[in-house]
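Could you put the whole structure together from the sequences, leaning on the hints where they help?
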Amino acid sequence: MLKKVIIIRIICLIFSAAVLAAGVIKKEYLLITMGCVAALSCAINFMHFRNIVKDPEKKRAYENAMHDERLIYISNKSYSLAFNVSVYAMFFGAIAAIAAGYREYGILICYIICGMLIIHGIARRIYRKKY
Numbered sequence: 001m002l003k004k005v006i007i008i009r010i011i012c013l014i015f016s017a018a019v020l021a022a023g024v025i026k027k028e029y030l031l032i033t034m035g036c037v038a039a040l041s042c043a044i045n046f047m048h049f050r051n052i053v054k055d056p057e058k059k060r061a062y063e064n065a066m067h068d069e070r071l072i073y074i075s076n077k078s079y080s081l082a083f084n085v086s087v088y089a090m091f092f093g094a095i096a097a098i099a100a101g102y103r104e105y106g107i108l109i110c111y112i113i114c115g116m117l118i119i120h121g122i123a124r125r126i127y128r129k130k131y
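Numbering (our numbering), first residue to last: 1 to 131.
Hint data in this document are derived by calculation from the structure and do not stem from the laboratory.
Please read all numbers here as calculations on a predicted model, not as lab measurements.
Don't take every hint at face value.
Okay, derived cross-link-like pairs now, BS3-like style, lysine-lysine, Cα gap no bigger than 30 Å in a straight line [what the hints assert, rightly or not]:
1) K129 x K77
2) K4 x K59
3) K77 x K58
4) K3 x K59
5) K26 x K77
6) K59 x K77
7) K3 x K129
8) K3 x K54
9) K54 x K77
10) K58 x K4
11) K4 x K54
12) K58 x K3
13) K3 x K77
14) K4 x K129
The following block contains the structure:
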């Protein structure tokens with residue numbers, strides 16, 4: 001379980017570094033800022049999970065917490081809320097970008113939102129059939 005989380009954090013770090021690099025190459029401060037914030041966030045999360053894996057007590061406690069039904073329920077609810085809030089925040093960000101004259105970025109954000117919702121819908125159908 002922890003290995004998957006670390007791999008996901010590394011992938012996020014790579015994508016955010018790519019956004020940062022694209023911002024530096026194009027000299028767009030919006031992309032530089034987004035890439036920098038995402039890269040720092042992913043790096044901090046990656047270091048946190050790496051420290052959990054190194055310490056056997058923390059690793060055991062984390063794995064035990066993953067099997068507690070109450071914590072799983074709370075975690076699922078918080079992920080759902082975070083997903084909904086992020087979709088709405090991105091939508092309002094897209095509207096703000098379009099209103100500020102960054103039409104291309106607004107449209108890109110809308111495409112990203114559509115992709116997120118499609119992936120969410122597919123995952124939800126798969127999990128409903130499975131469980």
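Here is how each hint holds up against the structure:
| no. | hint | in the structure |
| --- | --- | --- |
| 1 | K129 x K77 | 20 Å, holds |
| 2 | K4 x K59 | 14 Å, holds |
| 3 | K77 x K58 | 24 Å, holds |
| 4 | K3 x K59 | 11 Å, holds |
| 5 | K26 x K77 | 39 Å, violated |
| 6 | K59 x K77 | 23 Å, holds |
| 7 | K3 x K129 | 26 Å, holds |
| 8 | K3 x K54 | 12 Å, holds |
| 9 | K54 x K77 | 29 Å, holds |
| 10 | K58 x K4 | 17 Å, holds |
| 11 | K4 x K54 | 15 Å, holds |
| 12 | K58 x K3 | 14 Å, holds |
| 13 | K3 x K77 | 23 Å, holds |
| 14 | K4 x K129 | 23 Å, holds |
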